[in-house]
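There are 2 protein chains.
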Amino acid sequence: MDQTAPLADLPHQHVLFADGMALECGASLPELAVAYRTYGALNAERSNAVLVCHALTGDQYVAEPHPITGKDGWWDAVVGPGRPIDTGRYFVICANVLGGCMGSTGPRSLRDAAGTRWGTDFPPVTIRDMVRAQKRLIDHLGISRLFAVIGGSMGGMQALQWAADYPDAVFAALPIATAAYHSAQNIAFHEVGRQAIFADPDWQGGRYWQTERIPARGLAVARMCAHITYLSEEALARKFGRRLQDAPKSAGEAISLFGDMFEVESYLHHQGSTFVRRFDANSYLTITRAMDYFDLAADHGGDLATAFRGTTTRFLLVSFTSDWLFPTAESRAIARALNRAGANVSFVEIPSDKGHDAFLLDEPDFHRTLAGFLSGCAARAGLAAHD
Amino acid sequence: MDQTAPLADLPHQHVLFADGMALECGASLPELAVAYRTYGALNAERSNAVLVCHALTGDQYVAEPHPITGKDGWWDAVVGPGRPIDTGRYFVICANVLGGCMGSTGPRSLRDAAGTRWGTDFPPVTIRDMVRAQKRLIDHLGISRLFAVIGGSMGGMQALQWAADYPDAVFAALPIATAAYHSAQNIAFHEVGRQAIFADPDWQGGRYWQTERIPARGLAVARMCAHITYLSEEALARKFGRRLQDAPKSAGEAISLFGDMFEVESYLHHQGSTFVRRFDANSYLTITRAMDYFDLAADHGGDLATAFRGTTTRFLLVSFTSDWLFPTAESRAIARALNRAGANVSFVEIPSDKGHDAFLLDEPDFHRTLAGFLSGCAARAGLAAHD
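Residue numbers (this note's numbering), protein chains in the order written: chain S, 894 to 1280; chain E, 894 to 1280.
Warning: the hint list may mix true and false statements.
Claimed, not checked - Here are the in silico distance ranges between beta carbons for each label pair:
hint	chain 1	residue 1	chain 2	residue 2	range
1	E	P960	S	Q1103	42 to 48 angstroms
2	E	L1003	S	A1007	23 to 29 angstroms
3	E	Q1164	S	E1105	55 to 61 angstroms
4	E	R1233	S	R1170	45 to 51 angstroms
5	E	G1008	S	Q1097	32 to 38 angstroms
6	S	L1137	E	L1034	36 to 42 angstroms
7	S	D1005	E	R1170	41 to 47 angstroms
8	S	D1196	E	K1132	31 to 37 angstroms
As the list claims (entries may be wrong) - Anything over 10 angstroms on all C-beta distances counts as not near chain E; from chain S, calculated:
hint	residue
9	H1075
10	S1076
11	V1238
12	H1260
What the hints assert, rightly or not - Residues from chain S that keep clear of chain E, each with C-beta distances beyond 10 angstroms, as calculated:
hint	residue
13	D912
14	G963
15	D1058
16	R1261
Quick caveat, the hints were computed from the structure, so don't treat them as lab data. Ideal placement from N, C-alpha and C gives every residue a C-beta, glycine not left out.
Chain S on its own, in the form it takes in the complex:
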């Protein structure tokens, strides 16, 4: 891999809060930028806003081409005119998370007028901090109550945190393929990724932003490892199986120690090398840590139901059968806690062999479930039907 140039400083639509923000860790950010994109129109009552929360390596470019890769928005299948989150009906907002690298304040941000970047001095942030930064944006946009907050994976953690922290500001919450805490196995996989970054001498103790070399190899290894956990064995077997990259010309040639031998390997290499062109290694460290910290029950005396007691928010939980990173059991545990809290909760397990990534892919059952739930909520909320 030779993608060693630092990320370009692209302009991103954002709002700057000059008074900064205090963080859970005790540190304060002197100023806070929240980069975001919106789709559709806010209605006169300001009651049709849907906040989409992105996952670990996602960003605010939900339903439009990505400014670096040029690829379609990461949730084009879900957000758009006539889609499950219908931009003809809803005003959709997505903000780059705090700690991210696409315009919101994070390790790449300048920390002072001298042009120094935060790097690894960027304070650790939590899912709650991310949600507080989003709340600032929502207030700034003059929205007192979101019609819905939705997200998958880490986005689902944010949806849960929103419902727990701002119950009056969330009419409906849709945590997808997520959990109320990050499991030991998931922490372990994240730690392997972090160690791969630390092991890359181009990481330079996190000060690579002072040089022209980024830790591309370590970040690519981290991405490759994580990427396997996003897929199911079934999906990998169906997509690649044991197919070889090139047909061997002889029995001996079929066996070579290096190079892309199996298709699944070159696929992983591609995932790693494209990722490092659009993502910052220090952001990866910061955001994986935020996910690892997440334990909503622990923040409420050990009982998850306590986080939601008395809530009037309507919940839709969705899991996917082949998701082994955030398995159905973890969504079921949330559903049980919400039931104990007397909340209005629907829980759907979608049959899919696509693994954790199913929430990003073409899953008609999932999309119908989303559309149906949102339509029901819209009727409840007195939102005018799509004309």
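Dock chain E against the given chain S, drawing on the hints supplied.
Below, chain E alone, put in the same frame as chain S:
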């Protein structure tokens, strides 16, 4: 991590075949060393030999302290006096695999009189090559038929290969926690480990043996990633859960970006750092590739049953419920193929929450199953009962 010194060249009990060995890839080794250990005594009929095949990172020190780490033998619970593989009854042999780093010919071996090591010029080897090297050893020991061949994980691949290639030389075969081919997901995890090694500049294109620095960081990352796949989520949750390494002194201190925060992280770091003291990175590359190549059905026209047609070997297949690296379905597929081939096969799925590593751990049901199957086979084979 600062374990950067190369592995010491320890003396290992071995046999040297000066005529070398031709490999599946077409290359030939000019000489072949097979390092091995034995336990118990060969009977007068030479009919009580049990060959134990080790896994990816195992070695021949099955039932005695490891010469580098000083730790107990890796299968002390299974091999020894009165144990399931009773050394009072059986003559147990274990050889370091071809391509390994504990005395058998591999990338660390000298390739010429000038003292040059093979390094990455070591030819790629297959599971079949490993088994052929073991066959040389067995012939050398004057054993025409093994009473049993047993192994877990990659050791199970070897047991299958033995039964397929030398059916008359194997009275009983016990492939444990294994598969007849390496899956796309398993290839993918191996590839992440290899990429982590390649990404370490101390790997130096595989020529680290010319320097005093080994790719300790890359190899440790590879080991950490692999180690997660050996455990179950249940085992990780039970052993570590989300427990912190040190009780935080304040809310802020609970959150820190670097260092061992969760117990599971320091456990992984320990696994990584101890591994690099006893294992050679180029061997890791060579042996993971050998596992990836493994596809016994493909070597027999695509039908696994063909590999075993007409066999008189008695098979015991064992899987563990929580093993997601070599899940029960893969053992079941072998059992079905053996049934189609008309073979004598028993298949036991052991309830365990310890994941793939269960075959190495204290699993009384597994150990009783082994002992019972071997006793039944011994009666069939006319082996005298243990006196």
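The hints, checked one at a time:
1. E:P960 <-> S:Q1103: 42 to 48 angstroms: 46 angstroms Cβ-Cβ, so the 42 to 48 angstroms window holds.
2. E:L1003 <-> S:A1007: 23 to 29 angstroms: 57 angstroms, violated
3. E:Q1164 <-> S:E1105: 55 to 61 angstroms: For Q1164 (chain E) and E1105 (chain S) the Cβ distance comes to about 35 angstroms; the hint is violated.
4. E:R1233 <-> S:R1170: 45 to 51 angstroms: Between R1233 (chain E) and R1170 (chain S), where Cβ atoms are some 50 angstroms apart, the hint holds.
5. E:G1008 <-> S:Q1097: 32 to 38 angstroms: Holds, since G1008 (chain E) and Q1097 (chain S) (Cβ atoms, about 37 angstroms apart) stay within the stated range.
6. S:L1137 <-> E:L1034: 36 to 42 angstroms: 38 angstroms, holds
7. S:D1005 <-> E:R1170: 41 to 47 angstroms: 44 angstroms, holds
8. S:D1196 <-> E:K1132: 31 to 37 angstroms: Violated - the Cβ-Cβ distance for D1196 (chain S) and K1132 (chain E), about 24 angstroms, lies outside 31 to 37 angstroms.
9. H1075: Given a closest Cβ separation of 8 angstroms, the condition is violated.
10. S1076: Per Cβ check, S1076 (chain S) is inside 10 angstroms of chain E; nearest 6 angstroms; violated.
11. V1238: 24 angstroms, holds
12. H1260: 27 angstroms, holds
13. D912: Given that every Cβ of chain E is farther than 10 angstroms from that of D912 (chain S), nearest at about 20 angstroms, it holds.
14. G963: Given a closest Cβ separation of 26 angstroms, the condition holds.
15. D1058: 16 angstroms, holds
16. R1261: Holds: least Cβ distance 29 angstroms, greater than 10 angstroms.
Checked against the numbered hints listed earlier, the structure breaks hints 2, 3, 8, 9, 10; every other hint is satisfied.
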